[in-house]
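Build the complex from these two chains, which are given one at a time in their own frames, with help from the hints.
Those protein sequences? They're chains A and B, same order as listed. The opening position of the first sequence corresponds to residue 3 in the working numbering, with each subsequent residue numbered one higher. The opening position of the second sequence corresponds to residue 670 in the working numbering, with each subsequent residue numbered one higher.
If you are wondering where the hints come from, they were derived from the structure by calculation, not from laboratory data. Be careful, since some hints might not be right.
Stated by the list, open to error - Here are the computed lysine to any residue pairs in the SDA-like style, where the Cα-Cα straight-line distance is at most 20 Å:
no.	chain 1	residue 1	chain 2	residue 2
1	B	K758	B	L747
2	A	K92	B	A952
3	B	K828	A	S94
All figures in this text were calculated on a predicted structure; none of them were measured in a lab.
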Amino acid sequence: MLTVTGLSAGYDAIDVLHSVDITAEQGEITVLLGANGSGKTTMFKTISGLIRPTAGEIEFNGKPITRRPASAIVGAGIAHSPEGRHLFPKMSVEKNLVLGGYTRRKNRSRQRELLNQVFELFPILHEKRHDPSGSLSGGQQQMVAIGRALTADPRLLILDEPSMGLAPLVVKQVLEAVVEINRTGIGVLLAEQNATQALRIAHRGYVLAEGRVVLSGSADDLLHDSDVRAAYLGM
Amino acid sequence: MTLFIQQLFNGLALGGVYCLAAIGLTLVFGVLRIPNLAHGSLYMLGAYVTYFFLTAVGVPYVAAIGLAAIVLAVVGILLERLVFHPLRKSPHTHHMIAAVGAMFFFQAVAQVIWGADFRRMESPFEGTLSIGGAQISWQRIIIILTAVAVLALLTWFIKRSIHGQTIEAVEQDRTGASLAGISPNTVSMLTFALAAALATIAAGLVAPINLLSPTMGAALDLKIFAIIILGGLGSIPGAIVGGFLLALAEVMTSTYVSSAAGEAIAFVVLVAVLAVRPTGLFAKAVQR
Numbered sequence: 003m004l005t006v007t008g009l010s011a012g013y014d015a016i017d018v019l020h021s022v023d024i025t026a027e028q029g030e031i032t033v034l035l036g037a038n039g040s041g042k043t044t045m046f047k048t049i050s051g052l053i054r055p056t057a058g059e060i061e062f063n064g065k066p067i068t069r070r071p072a073s074a075i076v077g078a079g080i081a082h083s084p085e086g087r088h089l090f091p092k093m094s095v096e097k098n099l100v101l102g103g104y105t106r107r108k109n110r111s112r113q114r115e116l117l118n119q120v121f122e123l124f125p126i127l128h129e130k131r132h133d134p135s136g137s138l139s140g141g142q143q144q145m146v147a148i149g150r151a152l153t154a155d156p157r158l159l160i161l162d163e164p165s166m167g168l169a170p171l172v173v174k175q176v177l178e179a180v181v182e183i184n185r186t187g188i189g190v191l192l193a194e195q196n197a198t199q200a201l202r203i204a205h206r207g208y209v210l211a212e213g214r215v216v217l218s219g220s221a222d223d224l225l226h227d228s229d230v231r232a233a234y235l236g237m
Numbered sequence: 670m671t672l673f674i675q676q677l678f679n680g681l682a683l684g685g686v687y688c689l690a691a692i693g694l695t696l697v698f699g700v701l702r703i704p705n706l707a708h709g710s711l712y713m714l715g716a717y718v719t720y721f722f723l724t725a726v727g728v729p730y731v732a733a734i735g736l737a738a739i740v741l742a743v744v745g746i747l748l749e750r751l752v753f754h755p756l757r758k759s760p761h762t763h764h765m766i767a768a769v770g771a772m773f774f775f776q777a778v779a780q781v782i783w784g785a786d787f788r789r790m791e792s793p794f795e796g797t798l799s800i801g802g803a804q805i806s807w808q809r810i811i812i813i814l815t816a817v818a819v820l821a822l823l824t825w826f827i828k829r830s831i832h833g834q835t836i837e838a839v840e841q842d843r844t845g846a847s848l849a850g851i852s853p854n855t856v857s858m859l860t861f862a863l864a865a866a867l868a869t870i871a872a873g874l875v876a877p878i879n880l881l882s883p884t885m886g887a888a889l890d891l892k893i894f895a896i897i898i899l900g901g902l903g904s905i906p907g908a909i910v911g912g913f914l915l916a917l918a919e920v921m922t923s924t925y926v927s928s929a930a931g932e933a934i935a936f937v938v939l940v941a942v943l944a945v946r947p948t949g950l951f952a953k954a955v956q957r
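Just chain B, same shape as in the assembly (with noise of 0.2 Å):
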């Protein structure tokens, strides 16, 4: 019983990472309909630069993420005006291409500025928390308040806020958008923006857990579009519950079963729910 609730904390945890880093897969899937191969290099830059406030500036932990994040919405905003934004008229193998470019790009950067070798950033919330008998250390819980807490801000912004709306009404029909006075362009810079940042606050969160490395985002890509694509492509639900789903399957196999079974459990949870949903589990930006 220890080890499951120590477990579940692990995995919720997980979760929460996942869920912040597959929400800004999802909204950028929904605004621009395009499969962004370069958000896990995003993530792993916004670890970087987290790392670079927190030891080479010397700022607090959670300013360090705040300031990389913001960092980060500005590199996702040229992330869109100078690659994707050129190519918004071309077909969608070239946006693939441009993608697993910019992937190769970030990676190098950050291999010229911070080299190939693993780094490692100290958890500044030591110590744990005993419950049930398990031992959660407070970075734990901390990565599970904080993701809860900036995706009700999230869903707030999206849902009542009327500039979060845009991004929806863009997702909901383009030209009725346009027509709305609301301009297509500032609402996919918006989305890069909101998008890079999410995937720098979950980088900057699981950085004292994970170590760094500049592949660190390639690991995360596959997992997140296998959460997005469970949960309906465009989704933002689909990319919370998969994402929490994903996370504990992965936490509980590797624990109970293999943890080889674990790195592969995702998949197999993704293939037996297509077979059942083959539009995921919240169906949404797929069905026109």
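Bound conformation, chain A alone (with noise of 0.2 Å):
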């Protein structure tokens, strides 16, 4: 459903990117793995239309979608939730979340079932949702953010490296969520450090190095493959 042929992009004139080829089923979980400054996360905002590309072509569902403003991205059915998290620090969960639907907010009810299958995948969301974002712990604002990205009511989620910086039981809440919420029949593009435990979750995997696809593969493929396993996963 996602396609990205010959990618490039940075910033400042200086590629990150040299012409990288992916593509993410409808439905699956795709992951992405490489060091920091493999290029993910300038994959990941190029896609949403953070970064304009220098070259290449992205299409979604068929429809070519490059160079669109991140808001078109949002409504064609991507979203993204992104390194950092990004939330918005002094509202409330709750405000969050609906801002997440921005572009869907004309279908009332459906946002209503939207905000509540985030709830109910996330319960401590509901708990907290009168708090400021800004004062949950970690991983609770890295539930925000999946949760902001649901909201959008997606085809598509893209994961900036979820689980960074967080104790490994939640990592393992967070990976087990994405699994919930693929299994509604959402795609998921996941970018991740615990590649091991990426690979167990995904269908499909790519390796970066450098700006360039190096490997690419089932999942199983690449989590028994023992370049990966050498290089990425210690192993």
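Right under this line is the structure:
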């Protein structure tokens, strides 16, 4: 459903990505692996319209979305929970979630439904719905970030390092939530430092290095590939 | 006591005007991080455009303010699109220089159209109300009531309506807002439109009390910058409290000390508050 072809992008005329091709299939979890600085975040920012690519095409459900503004891309069905979360820290958890559905605000009943789904997925957020999101713990803030992307009613959810800086137990919780979300039919594009854990829940994976795809394949194959294990899984 | 009541109402009326003008400045700062030195010029133009609708077109006072607010909202949007938007990636100094340029431009425009002489606008609300022996002009009471009503409406808009919430969203995290599908461009334009319209309401309300001149905005600029720094940059409650606080201090000092001291007291209060709370009374946007 998401097809990225020959994508180059970067900052201030210095490309970080060099002609990258990836696809994320409908309803699958696709994981992006790679060291810091390999271009995962740049790729996500380019897909969601925060950065303009210098070359290449991005198609979503057969329609070109390259160079569209971020708000149009959310409208097309791609929601991005970014690295560093970027919540509205002084607003309540509930307001954060409601604003996530800004592009779908006309459909009030669906918004209500999505909000309840988020609260079902992360019951702690319901408990803390009136608290400013900035006062929550790191794990809870991550849940708000994922929830805010979900209220946009996406077909594809981009999660950039959702487990960064979280305690192992919370990481497990977050990844379980990702599986849960995927079970409802939403495709997930995930960047993760915990390669083993990510590959275990994913269908397909790509390994990036210095802005290029160096390996790709089914998650199972990657998990058992000796190169990947040596380079990224530390085994 | 009569004098005190009289001055209390004068202070509240002035405070209402300061608040309306200062909120726009603080909103623009919150969203775009620009100290818009041309804000006082928008206020000045708002007064003249109200004057134009009232005298040249001949519509009633309230309608004149309303129409002027719409005209100035468009001017605000143009200012954002033509001056600040193209500079969004340049250093801060460029914004300030551009704002000063816009300020001179607006002053020149007003001077070309209406001349450099002072103009007087008649108050449509004649007469006074007697409160505790003091004679309060209806114009001042109208200013206070309108300011309170507009401030309440604005607070509702920003805190409760989803469109108003987009302003706070961009203020708190621009990237997060973009990813939620909120266009920071649209929000910037909305903020400028709102700021200019509020300044116009302030100007239209106070015009029958003060005289109109192309440089009337510059004097206000100093005061409202003091107010938003006092209240905490980017904070709406800060602008409201700061506006009334400075206006009352100004009026009371003018009455009981001297009018020269009244002009300076704003900055004495500012220095005193910043000495105790360097981020202002309601620090919000400054703490990152």
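So, going through the hints one by one against the coordinates:
With a C-alpha separation of about 18 Å, the suggested pairing of B:K758 with B:L747 holds against the 20 Å cut-off. Pair hint A:K92 plus B:A952 holds up; C-alpha atoms about 12 Å apart against a cutoff of 20 Å. Pair hint B:K828 plus A:S94 holds up; C-alpha atoms about 11 Å apart against a cutoff of 20 Å.
Hint compliance for this structure: no hint is broken.
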